[in-house]
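Trainee: Chains A and B supply the protein sequences, listed in that same order. All letters in the first sequence, in the order written, are residues 1 to 168 by the numbering used here. All letters in the second sequence, in the order written, are residues 169 to 573 by the numbering used here.
By construction, these hints were calculated from the structure, which means they are not laboratory data. Since the model is a prediction, treat every value here as computed from it, not as a measurement. One thing to keep in mind: the hints can contain errors.
What the hints assert, rightly or not - Covered, in the sense of this in silico footprint (three residues per stretch, anywhere, with C-beta under 8 Å from a C-beta of chain B), are these stretches of chain A:
| hint | segment |
| --- | --- |
| 1 | 42-53 |
| 2 | 108-122 |
| 3 | 143-157 |
Said to hold, decoys possible - Residues on chain B that point at chain A, a partial pick, calculated with CB under 8 Å:
| hint | residue |
| --- | --- |
| 4 | I176 |
| 5 | T184 |
| 6 | T186 |
| 7 | T187 |
| 8 | A188 |
| 9 | L195 |
| 10 | L197 |
| 11 | R384 |
| 12 | Y434 |
| 13 | D435 |
| 14 | R437 |
| 15 | T442 |
| 16 | V446 |
| 17 | V464 |
| 18 | K465 |
To be verified - Computed cross-link-like contacts, SDA-like style, restricted to lysine to any residue with a CA-CA straight-line distance of at most 20 Å:
| hint | chain 1 | residue 1 | chain 2 | residue 2 |
| --- | --- | --- | --- | --- |
| 19 | B | K322 | B | Q338 |
| 20 | A | K160 | B | D172 |
| 21 | A | K58 | A | A107 |
| 22 | A | K160 | A | E135 |
| 23 | A | K43 | B | N436 |
| 24 | A | K50 | B | N431 |
| 25 | A | K58 | A | K157 |
| 26 | A | K43 | A | G105 |
| 27 | A | K10 | B | S198 |
| 28 | A | K10 | A | S59 |
| 29 | A | K34 | B | D191 |
| 30 | A | K43 | B | D172 |
| 31 | A | K157 | B | N170 |
| 32 | A | K159 | B | N431 |
| 33 | A | K134 | A | E14 |
Built from N, CA and C at the ideal position, the CB exists for glycine as well.
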Amino acid sequence: MEPGQEQFLKAYDEHADALFRYCFFKVSNRETAKDLFQETFAKTWAYLQKGGQIDNMKSFLYRTLGNLVIDEYRKKKNVSLDALAETGFDYGTDPSASIANQIDGAAALKLLDRIPDDYRDVLFMRYVQELSIKEIAEITDVSENTISVRIHRGLEKVKKIFSDESQV
Amino acid sequence: MNKDFETIIQEAQKVTLTTAERDSMRLRLSELANIPNVISSPYQRHIMGNSGTVRTLFGQLAIFKQKKYMPAFLMILAMLAGGTTAAAKGAIPGDLLYPVKIHATEEVQSWFSVGDKSTALTAVEHAQNRLAEAEQLAADGKLTTDTAVSLEQKFSTHADEVQQKVATLQADGKYSDAADVSSDFETILGSHQAIIAGLAAQTSARDSQQLKTIARTVDANLSVTANTRESAEGHTASSTKDIAAKADEARLNASTSIRDLKNYIYDNRDRFSTTTLVQANARVELASSTYAAAQVKFEAQAWGEAYSLFRKAYRTADETRIMLVADAALRIDGGSYHTATSSEHSATSTDDSWDDDEATSSAHSASTSIEAQVRVESRAQTGDTRSLKTETQNHTWFKIGNFEF
Numbered sequence: 001m002e003p004g005q006e007q008f009l010k011a012y013d014e015h016a017d018a019l020f021r022y023c024f025f026k027v028s029n030r031e032t033a034k035d036l037f038q039e040t041f042a043k044t045w046a047y048l049q050k051g052g053q054i055d056n057m058k059s060f061l062y063r064t065l066g067n068l069v070i071d072e073y074r075k076k077k078n079v080s081l082d083a084l085a086e087t088g089f090d091y092g093t094d095p096s097a098s099i100a101n102q103i104d105g106a107a108a109l110k111l112l113d114r115i116p117d118d119y120r121d122v123l124f125m126r127y128v129q130e131l132s133i134k135e136i137a138e139i140t141d142v143s144e145n146t147i148s149v150r151i152h153r154g155l156e157k158v159k160k161i162f163s164d165e166s167q168v
Numbered sequence: 169m170n171k172d173f174e175t176i177i178q179e180a181q182k183v184t185l186t187t188a189e190r191d192s193m194r195l196r197l198s199e200l201a202n203i204p205n206v207i208s209s210p211y212q213r214h215i216m217g218n219s220g221t222v223r224t225l226f227g228q229l230a231i232f233k234q235k236k237y238m239p240a241f242l243m244i245l246a247m248l249a250g251g252t253t254a255a256a257k258g259a260i261p262g263d264l265l266y267p268v269k270i271h272a273t274e275e276v277q278s279w280f281s282v283g284d285k286s287t288a289l290t291a292v293e294h295a296q297n298r299l300a301e302a303e304q305l306a307a308d309g310k311l312t313t314d315t316a317v318s319l320e321q322k323f324s325t326h327a328d329e330v331q332q333k334v335a336t337l338q339a340d341g342k343y344s345d346a347a348d349v350s351s352d353f354e355t356i357l358g359s360h361q362a363i364i365a366g367l368a369a370q371t372s373a374r375d376s377q378q379l380k381t382i383a384r385t386v387d388a389n390l391s392v393t394a395n396t397r398e399s400a401e402g403h404t405a406s407s408t409k410d411i412a413a414k415a416d417e418a419r420l421n422a423s424t425s426i427r428d429l430k431n432y433i434y435d436n437r438d439r440f441s442t443t444t445l446v447q448a449n450a451r452v453e454l455a456s457s458t459y460a461a462a463q464v465k466f467e468a469q470a471w472g473e474a475y476s477l478f479r480k481a482y483r484t485a486d487e488t489r490i491m492l493v494a495d496a497a498l499r500i501d502g503g504s505y506h507t508a509t510s511s512e513h514s515a516t517s518t519d520d521s522w523d524d525d526e527a528t529s530s531a532h533s534a535s536t537s538i539e540a541q542v543r544v545e546s547r548a549q550t551g552d553t554r555s556l557k558t559e560t561q562n563h564t565w566f567k568i569g570n571f572e573f
């Protein structure tokens, strides 16, 4: 196997689950997430085939996926919590029950929608994807300092949102 | 950290592909990636992979889903060829594997093309292959008369097939499909018209003369295709019920193409001369301003006009990328923008008196004014009537990512 092929498949093995999870977080639909996920790797392979150099594969994949997600947003609406309720999940109907008893992974991702836009992405990347501040900065093209501030403020918001809920 | 938030994080981390999904996709991707990358020249690799690259990759995925009957001998040939087929992808006339490319690769592609649109797009790809082969040979100083004539004839055959399929699509009322194919073909012809002109200016007299043979056919087809595309787009705009959706789709495609072009320029900036970069960015600006004009129409719900303008922006960006690939790979000094005008295409002169001096003169004078030319037009599209003198007095910066001119 040639080095480019090896690099490519290694990237898939290392980052497939994380990328898919990020994609699902963004588009809230499993089939759409799979399509975009697959297209991300196809575009990456096409780029390598054309002689493109990729210094940081993880950042490249995230940025490529991010662009595809933006394109998808323009085409389709996200699944709303209302639509999620139609599938049988209805967070909040029993305030006394803990979140742990109510949710699964997909619903957990949807719950993160309650966090304001400015903070949601960075919190997801930091805590769900376990990316470093430096990696998040590189992917989002924002300074590390800004990322740190957003995480800090985001956590403050999270405390308020979810502690308010638990006190209902 | 808040306990509920921690729970959410833990649950969210459990979202993954299933084992079957992961393995299935890995298999598909590894089958694509397993095509050996033994390409005879970077230009062949770029051009062969350029026309709808992702489409090509998914076209191969589609192979596993299609159930069209295929002559047994072709199927066996494809299976046995395997890596040889892939290695032949970049072969040019004179190479040992060139017959494999034509008969095993391209004929197999044709067999797997189902429907008029798919067949037409395959023919577009093959037509581009012939042009790329001629350009590579000319760049290497190896374009003989016989080879040029042969490539020109094969190109004509593919081009005729494209035109016939487009006519069929239009006759069937499939104007949107006809517009798509025509637009793709026009993009390819337009960019290669410019590439050939650029090469002719710097290759030997013999190769330049051979390129003239091919250039005439490209010009003729470009003129026909541009007209067809305009007609098909017009029909689409006026007769398609979901023209708003079509305009939105065109908007998306244009946006993606311009973004991809900017990324391509930025990622490969070290490979281009300053002249090429300036010209490329002028075309980025042109594509962007066309896009902006389209956006105005879109917001005013003038769907038909928006549709056409977005597609124009898309073509400008795509052509530019093809030309940049050629510039880098074939080392065309000063960029291939000599005859690529900012307005839609018109055939260049097919006068037999076209000679090296004329090509060189045309190339050089055009390259010095291209930036001014596209600035004037891009401003005109947005209603800006400031004179060029004012424009050039105020230094204009282009910014692509972190790279400024």
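Trainee: If a hint holds in the structure, say so; if it does not, say that too.
Mentor: Comparing the hints with the structure gives:
Counting residues of the segment 42-53 of chain A whose CB lies closer than 8 Å to any CB of chain B gives 9, so the stated coverage by that chain holds, three being the minimum. Check result for the segment 108-122 of chain A against chain B: holds, 4 residues qualifying (beta carbon to beta carbon below 8 Å, three or more required). Coverage of a stretch by a chain is defined here by at least three residues with a beta carbon nearer than 8 Å to that chain's beta carbons; for the segment 143-157 of chain A and chain B the count is 1, and the condition is violated. Proximity of I176 (chain B) to chain A holds as hinted, the smallest CB-CB distance being about 5 Å (cut-off 8 Å).
With 8 Å as the threshold, the beta carbon of T184 (chain B) comes within range of chain A, its nearest partner Cβ sitting at about 4 Å, so the hint holds. For T186 (chain B), the shortest C-beta to C-beta distance to chain A is roughly 10 Å, which exceeds 8 Å, and the interface hint is violated. With a least beta-carbon distance of about 11 Å to chain A, the hint placing T187 (chain B) at the interface is violated under the 8 Å criterion. Taking 8 Å as the C-beta contact cut-off toward chain A, the hint placing A188 (chain B) at the interface is violated, the least distance being around 12 Å.
Because the smallest distance between the Cβ of L195 (chain B) and any Cβ of chain A comes to about 11 Å, over 8 Å, the interface hint for this residue is violated. Given hint, L197 (chain B) at the interface with chain A, holds; its Cβ is 5 Å from that chain's nearest Cβ, closer than 8 Å. With a cut of 8 Å, the hint placing R384 (chain B) at the interface with chain A is violated, because the nearest CB-to-CB distance is about 30 Å. Here the hint on Y434 (chain B) is broken, as its CB sits about 11 Å from the closest CB of chain A, past 8 Å.
A distance limit of 8 Å between C-beta atoms decides the matter here; for D435 (chain B) the minimum to chain A is near 6 Å, and the interface restraint holds. A hinted interface residue such as R437 (chain B) counts as satisfied when its beta carbon comes closer than 8 Å to some beta carbon of chain A; here the least separation is about 12 Å, so the hint is violated. The interface hint given for T442 (chain B) is violated, since its Cβ lies 21 Å from the closest Cβ of chain A, which is over the 8 Å cut-off. The beta carbon of V446 (chain B) comes no nearer than 22 Å to any beta carbon in chain A, farther than 8 Å, and the hint placing it at the interface is violated.
Annotation: V464 (chain B) was flagged as interfacial toward chain A, and the flag is violated, the nearest CB pair being 17 Å apart, outside 8 Å. Because the smallest distance between the Cβ of K465 (chain B) and any Cβ of chain A comes to about 17 Å, over 8 Å, the interface hint for this residue is violated. Of the supplied pair hints, the one linking K322 (chain B) and Q338 (chain B) is violated, its CA atoms being roughly 25 Å apart against a limit of 20 Å. A hinted pair counts as satisfied when its Cα atoms are at most 20 Å apart, and K160 (chain A) with D172 (chain B) qualifies at roughly 11 Å.
At most 20 Å may separate the alpha-carbon atoms for a hinted pair to count; K58 (chain A) and A107 (chain A) exceed this at roughly 26 Å. For the hint pairing K160 (chain A) with E135 (chain A), the CA-to-CA distance comes to about 27 Å; that exceeds 20 Å, so the pair is violated. Straight-line distance between C-alpha atoms of K43 (chain A) and N436 (chain B) comes to about 17 Å, which keeps the hinted pair within the 20 Å bound. Distance check on the hinted pair: K50 (chain A) and N431 (chain B) sit about 14 Å apart at the alpha-carbon level, within 20 Å; holds.
Taking the CA atoms of K58 (chain A) and K157 (chain A), the gap is near 28 Å; set against the 20 Å cutoff, the hint is violated. Note on K43 (chain A) and G105 (chain A): the hinted pairing is violated, with a Cα-Cα distance of about 28 Å set against a maximum of 20 Å. A hinted pair counts as satisfied when its Cα atoms are at most 20 Å apart, and K10 (chain A) with S198 (chain B) qualifies at roughly 11 Å. Note on K10 (chain A) and S59 (chain A): the hinted pairing holds, with a Cα-Cα distance of about 15 Å set against a maximum of 20 Å.
A C-alpha spacing of about 13 Å is found between K34 (chain A) and D191 (chain B), which places the hinted pair at or below 20 Å, so the restraint holds. The hinted pair formed by K43 (chain A) and D172 (chain B) fails the criterion: a straight-line CA distance of about 38 Å is larger than 20 Å. Of the supplied pair hints, the one linking K157 (chain A) and N170 (chain B) holds, its CA atoms being roughly 10 Å apart against a limit of 20 Å. At most 20 Å may separate the alpha-carbon atoms for a hinted pair to count; K159 (chain A) and N431 (chain B) exceed this at roughly 39 Å.
Between K134 (chain A) and E14 (chain A) the CA atoms are separated by roughly 19 Å; this keeps the pair inside 20 Å, and the hint holds.
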